[in-house]
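Chemist: Assemble the complex: chain A is given as a structure, and chains B, C and D must be docked to it using the hints.
4 protein chains.
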Amino acid sequence: MKKIGVMINWNKARAAETLRRVAADAAAIGLELTVDRRAAAVAGELPLCPADEFAARVEAVIVLGGDGTVLDAARQLQGSGLPLMGLNIGSLGYLTCVGEEQFGEALRALREDRCTRDRRTTLAGRIARAAGGGTGLADALNEVVVSRGSSGRLGWFDLEIDGESVMTSACDGMVVSTPTGSTAYALSTGGPILLPGTRALEIAVISPHTLSFRPLVVPDSSVIALCVARGATVAPVVSVDGQDGLPLAVGDRVELRLSPRSVTFLHLAGYSPCAVMSRKLGWGGRRDKTGGR
Amino acid sequence: MKKIGVMINWNKARAAETLRRVAADAAAIGLELTVDRRAAAVAGELPLCPADEFAARVEAVIVLGGDGTVLDAARQLQGSGLPLMGLNIGSLGYLTCVGEEQFGEALRALREDRCTRDRRTTLAGRIARAAGGGTGLADALNEVVVSRGSSGRLGWFDLEIDGESVMTSACDGMVVSTPTGSTAYALSTGGPILLPGTRALEIAVISPHTLSFRPLVVPDSSVIALCVARGATVAPVVSVDGQDGLPLAVGDRVELRLSPRSVTFLHLAGYSPCAVMSRKLGWGGRRDKTGGR
Amino acid sequence: MKKIGVMINWNKARAAETLRRVAADAAAIGLELTVDRRAAAVAGELPLCPADEFAARVEAVIVLGGDGTVLDAARQLQGSGLPLMGLNIGSLGYLTCVGEEQFGEALRALREDRCTRDRRTTLAGRIARAAGGGTGLADALNEVVVSRGSSGRLGWFDLEIDGESVMTSACDGMVVSTPTGSTAYALSTGGPILLPGTRALEIAVISPHTLSFRPLVVPDSSVIALCVARGATVAPVVSVDGQDGLPLAVGDRVELRLSPRSVTFLHLAGYSPCAVMSRKLGWGGRRDKTGGR
Amino acid sequence: MKKIGVMINWNKARAAETLRRVAADAAAIGLELTVDRRAAAVAGELPLCPADEFAARVEAVIVLGGDGTVLDAARQLQGSGLPLMGLNIGSLGYLTCVGEEQFGEALRALREDRCTRDRRTTLAGRIARAAGGGTGLADALNEVVVSRGSSGRLGWFDLEIDGESVMTSACDGMVVSTPTGSTAYALSTGGPILLPGTRALEIAVISPHTLSFRPLVVPDSSVIALCVARGATVAPVVSVDGQDGLPLAVGDRVELRLSPRSVTFLHLAGYSPCAVMSRKLGWGGRRDKTGGR
Chain A
1 MKKIGVMINW NKARAAETLR RVAADAAAIG LELTVDRRAA AVAGELPLCP ADEFAARVEA
61 VIVLGGDGTV LDAARQLQGS GLPLMGLNIG SLGYLTCVGE EQFGEALRAL REDRCTRDRR
121 TTLAGRIARA AGGGTGLADA LNEVVVSRGS SGRLGWFDLE IDGESVMTSA CDGMVVSTPT
181 GSTAYALSTG GPILLPGTRA LEIAVISPHT LSFRPLVVPD SSVIALCVAR GATVAPVVSV
241 DGQDGLPLAV GDRVELRLSP RSVTFLHLAG YSPCAVMSRK LGWGGRRDKT GGR
Chain B
1001 MKKIGVMINW NKARAAETLR RVAADAAAIG LELTVDRRAA AVAGELPLCP ADEFAARVEA
1061 VIVLGGDGTV LDAARQLQGS GLPLMGLNIG SLGYLTCVGE EQFGEALRAL REDRCTRDRR
1121 TTLAGRIARA AGGGTGLADA LNEVVVSRGS SGRLGWFDLE IDGESVMTSA CDGMVVSTPT
1181 GSTAYALSTG GPILLPGTRA LEIAVISPHT LSFRPLVVPD SSVIALCVAR GATVAPVVSV
1241 DGQDGLPLAV GDRVELRLSP RSVTFLHLAG YSPCAVMSRK LGWGGRRDKT GGR
Chain C
2001 MKKIGVMINW NKARAAETLR RVAADAAAIG LELTVDRRAA AVAGELPLCP ADEFAARVEA
2061 VIVLGGDGTV LDAARQLQGS GLPLMGLNIG SLGYLTCVGE EQFGEALRAL REDRCTRDRR
2121 TTLAGRIARA AGGGTGLADA LNEVVVSRGS SGRLGWFDLE IDGESVMTSA CDGMVVSTPT
2181 GSTAYALSTG GPILLPGTRA LEIAVISPHT LSFRPLVVPD SSVIALCVAR GATVAPVVSV
2241 DGQDGLPLAV GDRVELRLSP RSVTFLHLAG YSPCAVMSRK LGWGGRRDKT GGR
Chain D
3001 MKKIGVMINW NKARAAETLR RVAADAAAIG LELTVDRRAA AVAGELPLCP ADEFAARVEA
3061 VIVLGGDGTV LDAARQLQGS GLPLMGLNIG SLGYLTCVGE EQFGEALRAL REDRCTRDRR
3121 TTLAGRIARA AGGGTGLADA LNEVVVSRGS SGRLGWFDLE IDGESVMTSA CDGMVVSTPT
3181 GSTAYALSTG GPILLPGTRA LEIAVISPHT LSFRPLVVPD SSVIALCVAR GATVAPVVSV
3241 DGQDGLPLAV GDRVELRLSP RSVTFLHLAG YSPCAVMSRK LGWGGRRDKT GGR
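Protein chains in written order, with our numbering: chain A, 1 to 293; chain B, 1001 to 1293; chain C, 2001 to 2293; chain D, 3001 to 3293.
With the rest of the complex left out, here is chain A (with noise of 0.2 Å):
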């Protein structure tokens, strides 16, 4: 490859920095990079352009950031077919697992197309309105949303698989997740981990009000409904990835299904799924930590 889109978490401390010492080691290299006005403003003299026409100029895109960043990335990209390489500024993530000392390493990589291919499942949606009508959603690199508003009284809501009313549920709200989505929110709300590949969707609900509901695993080519329960007293609102909602109404359905539009991550050689998981959650396990049992 020879020519990279760059996106950057300006939020970030180190972000000016950090872009300095990428474009200056990717110019080494012989590594393009395309920027937006303010990286040019950062890191000299670069080609300019906006990320909305990435798609026609570059051939991938090192996002500079956390998790949170790519998937800003993935939704400003959607659809451009780009693959994504994220490198952490801050602690590792689970989609940002190039540490700074790799930067380097993951530039060559790129400039000599030796890295690993992970496509990344995505969800589409829109909502079919009670009233009539529909809106489409973007697609949800991590998950979908349903939930009661600010208000402190339950939400009621409906969960259909292949047009089966599965359950119906006064809960805080429904998550349905991608595998890639699986270590983020839904295992908030007490899911498990989806390995990357696995060809399946969660759906979980967010604080039940019975017992008897566990998270459901389904095939990924399930058609799932959730839908506002017609007693809800509550304005529930719509979300992808934490983004900020999109308000619901009593009969309002959100219809989601895998989207055809993929998200392909680039890694070094060597990168595992497993591994990442293992050092996000600790799992080593060592021996001399453990308490008396």
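None of these hints come from the bench; they were simulated from the model.
No incorrect hints appear here.
Restricting the straight-line Cα-Cα distance to at most 30 Å, the calculated cross-link-like pairs of lysine-lysine (DSS-like) are:
hint, chain 1, residue 1, chain 2, residue 2
1, A, LYS280, D, LYS3280
2, B, LYS1012, B, LYS1280
3, A, LYS280, A, LYS12
4, C, LYS2280, B, LYS1280
5, C, LYS2280, C, LYS2012
Selected chain A positions facing chain C (in silico; Cβ < 8 Å):
hint, residue
6, VAL166
7, LEU194
8, THR198
Nothing here was measured: the structure is a model prediction, and the numbers come from that model.
No residue lacks a Cβ here, since even glycine has one placed at the ideal position from N, Cα and C.
Modeler: This is chains B, C and D only, laid out in the frame that chain A set:
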């Protein structure tokens, strides 16, 4: 007892019919019901009195409805010292354990002063504002919840116990619950059940970002503070017993301790909180209902 | 179909009576039942054949009992390719979803070849002994469990996926489950429910010593090994589908992968695994059954 | 204080070296250590006394090892009334919170009687045999566990509280834990954490067959019985603080209540159980360690 106040949930379909029946049964045994204007219109000529003046006029209050109705009644009667008896319209609750077939028996037990008294602790709270000043909260019979608003972004909250910082958590919110509230929202978040009479409070985190948290049970002499951490980017709210929430700002602290005001419930002889739970949660565990493991 | 084998759980109180009724119903529609000697003594003159010779003699097998009876039948018929239909004596199970009122309908559906086929994956396993050599395990329709023995001390187990060490855990044991088994023991350990047809396996840890583990869902092409870690001080066992366990020594590895042999279930038209689950777990969530939150 | 007993876990690699250092430090400040023969062989000429005669000879006991060592020491000293101080060899535990860099300070605090006293409740138990007669159990500082043996089949247990049957559960077992034990095995089974000083006991079910159970917290004045239900097909065991178990028969009852004998721990000034938990469980929750949600 001779004089009994009545509070009723008019949203229940059979409210009027039930009230008429209770009024007739009470009259037949010389129990004088005191009601508000709306109830009088349904039940015939009865002494009128708004609920907030019940303390001066009646010896106890019967609440016709569900557990939510009892929570509302307890809030309105806060500080009155009046004991409550929950008569269920619909299916049995934790706080409304007298079913319709037992209404006559319940009225006789009140008349003859044969009820068991069951004192439940409540939580007193106030908001200490970062900007100075404070706001008192209504006593909570169930729980106080601090939660992020409707944004898709995480909230950040600090937990302090007896002045000591215990935990900072990225999460959807935190719950501090009485034993009474342990079968309500705290249960939905994965918390344990505290039997009534346990001298403890429960602290639970809602959808915590990390896996290391577990619900905490602390002596009910503890002073607990839930604080909106510096970095919160959303507008959190504090809510008491499922009521609409008050907005919080960064640095605001919700300080909670046992209230000097408890709520006393009246039960029929033979009342057992374990039996109520077992029936509500289906703990019978009949052998022939189990599958093949 | 014309020739059907019968397997039956004689421990069920109404086993004999049920068998007689099924035999009469079958005779009336020209369905020939093949049974073992004990069943013949109860049901009258029927072709005799031990279950392990069913493959050569019948086209399908009906199993009269509960889910445990179906697990036993599947083990005995392993590799025969014979499809099974579970007829329930007692309350409905996940694998015995035909209730007594539907027995006549089920026999006619078999006779007229109108059943739905539902192929379930199974797990093939072997023990690779540290001391050399190995032992094959029966295929698991539900799950394989490696657990510490009856000692009060912790066990130490390693989990490997596709040759990579993922986790070392101090715990009571580990479970690897098929989607079919996800509603059995794996559910008890806190695992998710995998809908039948999900191309995945579930890995759960039983009572883990650390808080950081969550059930894992992996592609069903994965090769999974559960290993007895060096430091284990107790005698662990490996158990298939709840059968009595085989002892393991330190360093022994239980290697698991999808079996080439699946089990096919026959269902009445309209069978829905979600409906079975919803009924077994009580997911109806009727509004009037909820308490006051 | 002047006379201190020493108990030590000889399985720790640095046991001898640590003991020598402690002995030297103690001698320097006039603290007389009393040890057993093995320790004397290592640490030089010190007063000899077996642990079961410590009560008549020393004022307090220091325990060198981990939490398991403290459990063993508490069992050996049961009823002696001697306070314990846990000095950690290895990584910090819940009961061994004095790290090696604080050993000198700890010895001085003992000498000058400046330690905080922390009284922990324990559980007294006995087995009431179905066949008649009974067997006393050692007091439990952590927990009493009734569990199925090593069979793959489910156990069936009944839970009684204050003479009332609360639940029958098909499960792997049941745990009754003190607040001290709430961070040990009970935590592994999904139970809450009870802060020391909470006047409560915790009851948890291990891998329950049904989804409706939640850990129970009850007043520590409760009398709890765990009973082997009629239908159990395996040989269950009862185990105290992780010791090897005693076998139980169908109908046997394990009766538990607060013991009149507590265990007193000595801590350095500034000891905080919340701080110990926060450090053990990683509750710091630093913002820059979180991924992208």
